[in-house]
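S.K.: For reference, the chains in residue letters:
Number of protein chains: 2
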Amino acid sequence: MRVRPGTRPDLAALDPAGVPAGPRTKAEGLAASGELGVRLAEYQERLYAASTAGDRRRVLLVLQGMDTSGKGGTVKHVIGWFNPSGCRIRAFKAPTAEERGHPFLWRIAKALPQPGEIGIFDRSHYEDVLIARVRELAPRKVVSRRYGQINRFERALAEDGVTVVKVFLHIGRDEQRERLLERLDNPDKHWKFNAGDIEERALWPEYQRAYELALERCGTDTAPWYVVPADRKWYRNWAVGKLLEHLEELDPKYPPGDFDVEECRKRLIAG
Amino acid sequence: MRVRPGTRPDLAALDPAGVPAGPRTKAEGLAASGELGVRLAEYQERLYAASTAGDRRRVLLVLQGMDTSGKGGTVKHVIGWFNPSGCRIRAFKAPTAEERGHPFLWRIAKALPQPGEIGIFDRSHYEDVLIARVRELAPRKVVSRRYGQINRFERALAEDGVTVVKVFLHIGRDEQRERLLERLDNPDKHWKFNAGDIEERALWPEYQRAYELALERCGTDTAPWYVVPADRKWYRNWAVGKLLEHLEELDPKYPPGDFDVEECRKRLIAG
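So the sequence lines, in the order shown, correspond to chains A and B. Residue 45 in the working numbering sits at position 45 of the first sequence, with consecutive numbering throughout. Residue 114 in the working numbering sits at position 114 of the second sequence, with consecutive numbering throughout.
This list has only true hints and no planted wrong ones.
In this list, chains with the same sequence are indistinguishable; a pair is considered to hold if it fits within one copy or across any two.
Dumping the calculated BS3-like pairs for lysine-lysine here, alpha-carbon to alpha-carbon at most 27 Å:
{"no.": "1", "residue 1": "Lys93", "residue 2": "Lys141"}
{"no.": "2", "residue 1": "Lys253", "residue 2": "Lys189"}
{"no.": "3", "residue 1": "Lys242", "residue 2": "Lys26"}
{"no.": "4", "residue 1": "Lys192", "residue 2": "Lys266"}
{"no.": "5", "residue 1": "Lys266", "residue 2": "Lys189"}
{"no.": "6", "residue 1": "Lys93", "residue 2": "Lys253"}
{"no.": "7", "residue 1": "Lys253", "residue 2": "Lys192"}
{"no.": "8", "residue 1": "Lys189", "residue 2": "Lys233"}
{"no.": "9", "residue 1": "Lys93", "residue 2": "Lys192"}
{"no.": "10", "residue 1": "Lys110", "residue 2": "Lys93"}
{"no.": "11", "residue 1": "Lys233", "residue 2": "Lys93"}
{"no.": "12", "residue 1": "Lys76", "residue 2": "Lys110"}
{"no.": "13", "residue 1": "Lys93", "residue 2": "Lys189"}
Because the hints were derived from the structure by calculation, they are not lab data. Note that this is a predicted model, so its numbers are computed, not measured.
Pulled out of the complex, with its shape left as it was, chain A reads as follows (with noise of 0.2 Å):
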């Protein structure tokens, strides 16, 4: 799952329906995801105590797919877990005039989570090496520039306390086919379709080629790559959950209060 600094994935051989660690089934996946979350819960409100006391440590949750694998989707599932007023939510659209009239980099910088937050991000960063590459909205040179540049971004989020875990959620072909037709069969989805969808679609092999050079080119030790396979949604839910068990590791800490307890209880019991 974790794609090693270095090596080129080969998208082709993953297997986007796989369950290839963990829960094998849709009940044990909602019963391992549950489990979880409470633990996972706990962690973050650590996290955001530690953030109090000075602590400058925070999560960063990338994610990227493509149309239909479930970005928002795992947003309002990971969401669920947690005490979302520690959360920054951020889905990156086309770019705005303004934000074109800056570095790619800069509407990022903007949304990063604070000490003590998870940020999520529906989209990011990479949609510059992605659909900026694929539909070359920018010269092959400059896109092929971003790859370094990303790099020393993330690796400053990193010495700044930043944990960054980026997740490409794997979603098969056949399975996009399914979701997009889904739409199509319910009117009250129709806003959520537009014709631009598909031809999107038609440049798969695009863009898979473009992913696996940003999981090349972007997997680092300091922020590694992660892929997912998002054809089974409890999968992708649980596995997601799974990442974010680099909380653990981070080992947070409730900080002791700077007051004199027996003197506040007395103080509130007198009034």
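Guided by the hints, dock chain B onto chain A, whose structure is given.
M.R.: Then chain B, alone, in the frame of chain A:
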């Protein structure tokens, strides 16, 4: 529960442990909240969908209340109903140096929900007529001028499609004592406590008076204030949800697609 525009509520006369309408027991309250949440989630999706077709409408929930009145808990509960990607949560703390360099509504304007979103403020611009009044953080004349500034600001929001729902979580002084003592009893909660909380509590009557003034002067037809009894968490959660039924009045519609469904279906099946 709704403060009639132009009248000053007598907070001392309103029972913070009361259940003035709706469910009368915890079991009834939890059931009613569950049912409410399912309905509201549907409306949130519609609101968001409508925004993709140019509908500028959105909702802003403003939560105010004394320490431990449950602002954070309400955020967590309310967000549990919704798709968090369509919510914009913001907790306002003491203003930063940069924020103090701007008019007091500057940081508020930057945190507003976008079309289709539900914004949730944990504290708000009302702090500038509450703690600012009680602690004399600004000259009395400046604070007095703010009520009118707030009303004009909120009217402009309404004109721009924002439904503003302002909630005062009304907790009793004894209940606050209990909640603060609980924090003292549990070392894992000490980070939530500081000795300043006791000093604020000593100013209880001054704060209640500042709230009464704010509710009177800024309770308008376009942006009314609501008082929610907050000693019972289950009742508080249900009541805030009930106020979000404003979403139903907006009655947002799923926009139709701008594509040929049959043609898209054929193209999808083909490739």
